[in-house]
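In the order they appear, the protein sequences are chains F and U.
Residues in the first sequence are numbered from 1 upward in steps of one, following our numbering.
Residues in the second sequence are numbered from 1 upward in steps of one, following our numbering.
For the record, the hints were derived by calculation from the structure and aren't laboratory data.
In this text, a Cβ means the ideal position worked out from N, Cα and C, and glycines have one as well.
The reader is advised that the hints may include incorrect statements.
[Stated by the list, open to error] Restraint ranges, calculated between C-beta atoms of paired labels, are given here:
no.: 1; chain 1: U; residue 1: Gly8; chain 2: F; residue 2: Ile30; range: 57 to 63 Å
no.: 2; chain 1: U; residue 1: Gln69; chain 2: F; residue 2: Ser88; range: 22 to 28 Å
no.: 3; chain 1: F; residue 1: Ile30; chain 2: U; residue 2: Arg28; range: 57 to 63 Å
no.: 4; chain 1: U; residue 1: Arg121; chain 2: F; residue 2: Ala55; range: 46 to 52 Å
[Stated by the list, open to error] Covered by chain F, per the in silico footprint, the following chain U stretches (three or more residues, Cβ under 8 Å):
no.: 5; region: 97–106
no.: 6; region: 128–138
[To be verified] Under 7 Å between C-beta atoms, here's a sample of chain U residues computed to sit facing chain F:
no.: 7; residue: Leu52
no.: 8; residue: Arg75
no.: 9; residue: Arg78
no.: 10; residue: Gln79
no.: 11; residue: Ile83
no.: 12; residue: Gln86
no.: 13; residue: Asn89
no.: 14; residue: Phe91
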Amino acid sequence: MGYTFQFGEVFRYWPLLVEGAINTLLFSAIAMAAGLAVGIGGAVCRNSSNRALRAVAGGYVEIVRNTPLLVQLFLFYFGLPATGLRLSATEAAILALIFNTGAYSTEIVRAGIENVHRSQVEAATSLGLSRTQAFLHVVLLQALERVYPALVSQFILMMLASSIVSAVGAEELTAYGNRIQSENFRSMEVYFVCGAVYLGLTYVMRFVLAFLARFLFPRRRALARA
Amino acid sequence: MAIVNLSGVRKSYGSLSVLKDVSLAVERGTVVALVGRSGSGKSTLLRCINGLERINAGEIVVDGRRVEQNEATLRALRQEIGIVFQSYNLFPHLTVERNVTLALSLVKKMSTAEGHAIAERVLNQVGLGDKIGAYPEQLSGGQQQRVAIARSLAMSPKVMLFDEVTSALDPELKEEVLRVMEGLAREGMTMILVTHEMDFARRVANEVVFMHQGKIHEQGPPSRLFVEPATPEFRQFISSAIN
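Turn these sequences into a full structure, and let the hints guide you.
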């Protein structure tokens with residue numbers, strides 16, 4: 001093993017690495033927010049009394065969870081143009097990430113909703129709240145509070161999996177890594193640094209999501225202090 | 001004119017008939033205690049009054065309004081009827097204050113300040129003014145149940161329903177809840193309660209209704225009913241409830 005690491009060859013490209021890291025975070029943030037919205041909608045449909053809605057949501061979850069993310073991405077990027085809808089690599093990448101995260105979030109949020117006891121809805125509607133108000137203010141908030149750790153780990157998995165979108169050349173960290181190593185032929189150093197940056201990004205995300213939780217779920221903070 | 005009027009109410013779950021032709025009138029300002037063995041239909045009867053259970057036949061009228069299973073009717077009706085449950089059913093993710101004010105702001109569209117003033121008043125009424133910022137899990141069972149009563153009171157209901165509200169509580173915690181309920185009765189609140197507290201029923205209720213196998217088996221003022229039970233079923237029930 002006479003290999004000499006030359007990280008200087010990689011750090012020369014630092015503006016590209018920073019841009020890639022920022023884009024990865026940006027893609028992930030969009031996919032998280034939109035994916036959670038899809039997940040809440042999906043969970044509502046899965047618990048709906050309407051059989052068609054249940055079937056559509058169930059089918060969506062089954063299909064997404066049982067096919068590779070890479071294939072889903074190719075469908076958005078290479079497949080959709082056949083229908084006349086041409087997306088840029090970045091657009092296809094973000095849509096595929098939302099589509100994918102939405103399905104996993106649906107199952108997580110559904111589990112949370114099912115764990116909120118029916119008596120909570122009875123108490124809320126007995127006070128005159130509408131079914132929608134009871135769902136939003138009583139059921140959904142409790143459900144999200146309960147499954148928040150599961151959502152956080154799902155979001156982090158998604159952020160890491162987003163490296164796959166480099167396959168269509170979406171402009172994120174791994175894609176830039178590919179570009180750098182094609183110029184300097186330092187594959188070992190380049191991907192080593194990329195890996196380290198991903199590791200750092202997971203800590204950034206954990207920190208931000210923990211910070212958000214303090215505002216979304218004030219009970220935890222209050223009880224931790226007591 | 002009775003404020004709550006049930007006539008010919010029937011309710012069944014599949015082939016199991018839970019309420020068989022129940023009729024009952026509750027006058028304004030009175031306290032009616034529903035007693036009986038478990039499975040006699042008393043809790044179901046209570047839950048039919050605010051539409052939590054759908055009846056199969058008969059009619060329930062509360063304050064001139066017919067209880068029907070559509071959301072608009074039920075929402076309007078439920079602002080007039082408070083209900084307190086055996087398991088409190090407080091919203092665990094909200095503070096005591098927000099538990100009380102949630103419906104005030106969402107249903108009655110009150111401002112935060114108006115809601116806060118009402119929360120302070122009703123929480124003081126149940127002796128928990130100092131717990132306004134606490135979360136339910138920081139309270140004892142008795143305190144949680146008193147918050148649940150305050151939450152109902154905040155909506156200024158015309159009738160309050162109590163579904164075995166002390167059954168989950170230790171004896172010493174029962175007392176604090178019963179005291180609050182007794183205070184409400186003194187102030188003239190119309191109350192219908194399902195209870196196993198025979199002493200309380202005897203002391204506070206104007207009318208005791210003994211349910212047996214889905215029917216009203218015997219009813220009357222406690223002074224008469226508990227002294228001279230007319231039916232052997234009620235006699236047997238009293239002696240087993242007291243021992």
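- Tell me, which hint numbers fail for this structure? Of the numbered hints, 2 and 12 do not hold.
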